[in-house]
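Residues 1 to 129 (the numbering used here) make up the sequence shown, in order.
None of these hints come from the bench; they were simulated from the model. There could be a bad hint or two in this list.
[As the list claims (entries may be wrong)] Here are the computed lysine to aspartate or glutamate pairs in the DMTMM-like style, where the Cα-Cα straight-line distance is at most 25 Å:
| hint | residue 1 | residue 2 |
| --- | --- | --- |
| 1 | Lys-43 | Glu-58 |
| 2 | Lys-72 | Glu-48 |
| 3 | Lys-29 | Asp-84 |
| 4 | Lys-66 | Asp-115 |
| 5 | Lys-104 | Asp-84 |
| 6 | Lys-72 | Glu-101 |
| 7 | Lys-85 | Asp-36 |
[Stated by the list, open to error] The calculated label-pair distances, taken between Cβ atoms and stated as ranges, are:
| hint | residue 1 | residue 2 | range |
| --- | --- | --- | --- |
| 8 | Ile-9 | Pro-98 | 42 to 48 Å |
| 9 | Gly-99 | Ile-11 | 40 to 46 Å |
| 10 | His-61 | Asp-36 | 26 to 32 Å |
| 11 | Ala-70 | Lys-121 | 30 to 36 Å |
| 12 | Ile-9 | Lys-66 | 34 to 40 Å |
| 13 | Asp-36 | Leu-65 | 35 to 41 Å |
| 14 | Val-68 | Gly-99 | 28 to 34 Å |
| 15 | Asp-96 | Asp-60 | 39 to 45 Å |
| 16 | Asp-120 | Ile-11 | 32 to 38 Å |
| 17 | Val-68 | Ile-11 | 39 to 45 Å |
| 18 | Asp-36 | Tyr-83 | 18 to 24 Å |
| 19 | Asp-84 | Glu-48 | 29 to 35 Å |
Please read these numbers as outputs of a predicted model, since none were measured by experiment. Just so you know, even glycine gets a beta-carbon here, dropped at the ideal spot from N, CA and C.
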Amino acid sequence: MYRKIMMTIAILMLLNMIIGCTAKEPVIKATADVADVKQQLEKFAPVEIAYDGSQLSEGDHQALLKLVEAAKLMDQIFLRQVYDKNPAIAEALQTDKPGYEVLKAYFDVNFGPFDRLDEDKPFINPEEA
Numbered sequence: 001m002y003r004k005i006m007m008t009i010a011i012l013m014l015l016n017m018i019i020g021c022t023a024k025e026p027v028i029k030a031t032a033d034v035a036d037v038k039q040q041l042e043k044f045a046p047v048e049i050a051y052d053g054s055q056l057s058e059g060d061h062q063a064l065l066k067l068v069e070a071a072k073l074m075d076q077i078f079l080r081q082v083y084d085k086n087p088a089i090a091e092a093l094q095t096d097k098p099g100y101e102v103l104k105a106y107f108d109v110n111f112g113p114f115d116r117l118d119e120d121k122p123f124i125n126p127e128e129a
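Please construct the entire structure, taking both the sequences and the accompanying hints into account.
Laid out in structure tokens, this is it:
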């Protein structure tokens with residue numbers, strides 16, 4: 001029995017290693033002009049929301065931290081719900097390629113590669129243009 005379990009684990013580890021080592025296709029194959037995306041991004045006004053934490057009890061503060069933690073998880077779930085390729089696109093945007101910081105910022109605002117101000121037109125195309 002022990003030998004079967006160990007053999008199964010070894011096979012799973014080998015499969016994981018093979019799958020992990022395969023070359024990945026570039027996720028982002030085409031993007032809109034960065035200047036256009038920057039112009040769209042400038043239509044949004046950043047707003048900082050502050051609160052007075054001194055008003056909270058220790059229990060309230062801990063509850064608030066849990067709510068923030070839950071909200072971050074909900075963001076990840078929503079990102080997948082919007083478009084199944086969003087996690088891969090978000091990861092691909094984590095680079096220092098010129099213009100990607102603007103694309104990443106607008107991706108974050110729209111929760112995906114579709115411009116909600118321009119009838120959901122894609123500004124990042126994961127497919128061939």
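These are the hints, each one checked on the structure:
no. : hint                         : in the structure
1   : Lys-43 - Glu-58              : violated (39 Å)
2   : Lys-72 - Glu-48              : holds (17 Å)
3   : Lys-29 - Asp-84              : holds (16 Å)
4   : Lys-66 - Asp-115             : violated (31 Å)
5   : Lys-104 - Asp-84             : holds (17 Å)
6   : Lys-72 - Glu-101             : holds (21 Å)
7   : Lys-85 - Asp-36              : holds (23 Å)
8   : Ile-9 - Pro-98: 42 to 48 Å   : holds (45 Å)
9   : Gly-99 - Ile-11: 40 to 46 Å  : holds (44 Å)
10  : His-61 - Asp-36: 26 to 32 Å  : violated (43 Å)
11  : Ala-70 - Lys-121: 30 to 36 Å : holds (32 Å)
12  : Ile-9 - Lys-66: 34 to 40 Å   : holds (35 Å)
13  : Asp-36 - Leu-65: 35 to 41 Å  : holds (39 Å)
14  : Val-68 - Gly-99: 28 to 34 Å  : holds (31 Å)
15  : Asp-96 - Asp-60: 39 to 45 Å  : holds (40 Å)
16  : Asp-120 - Ile-11: 32 to 38 Å : violated (44 Å)
17  : Val-68 - Ile-11: 39 to 45 Å  : holds (41 Å)
18  : Asp-36 - Tyr-83: 18 to 24 Å  : holds (20 Å)
19  : Asp-84 - Glu-48: 29 to 35 Å  : holds (32 Å)
In this structure, the earlier hints numbered 1, 4, 10, 16 are contradicted, and the remaining ones agree with it.
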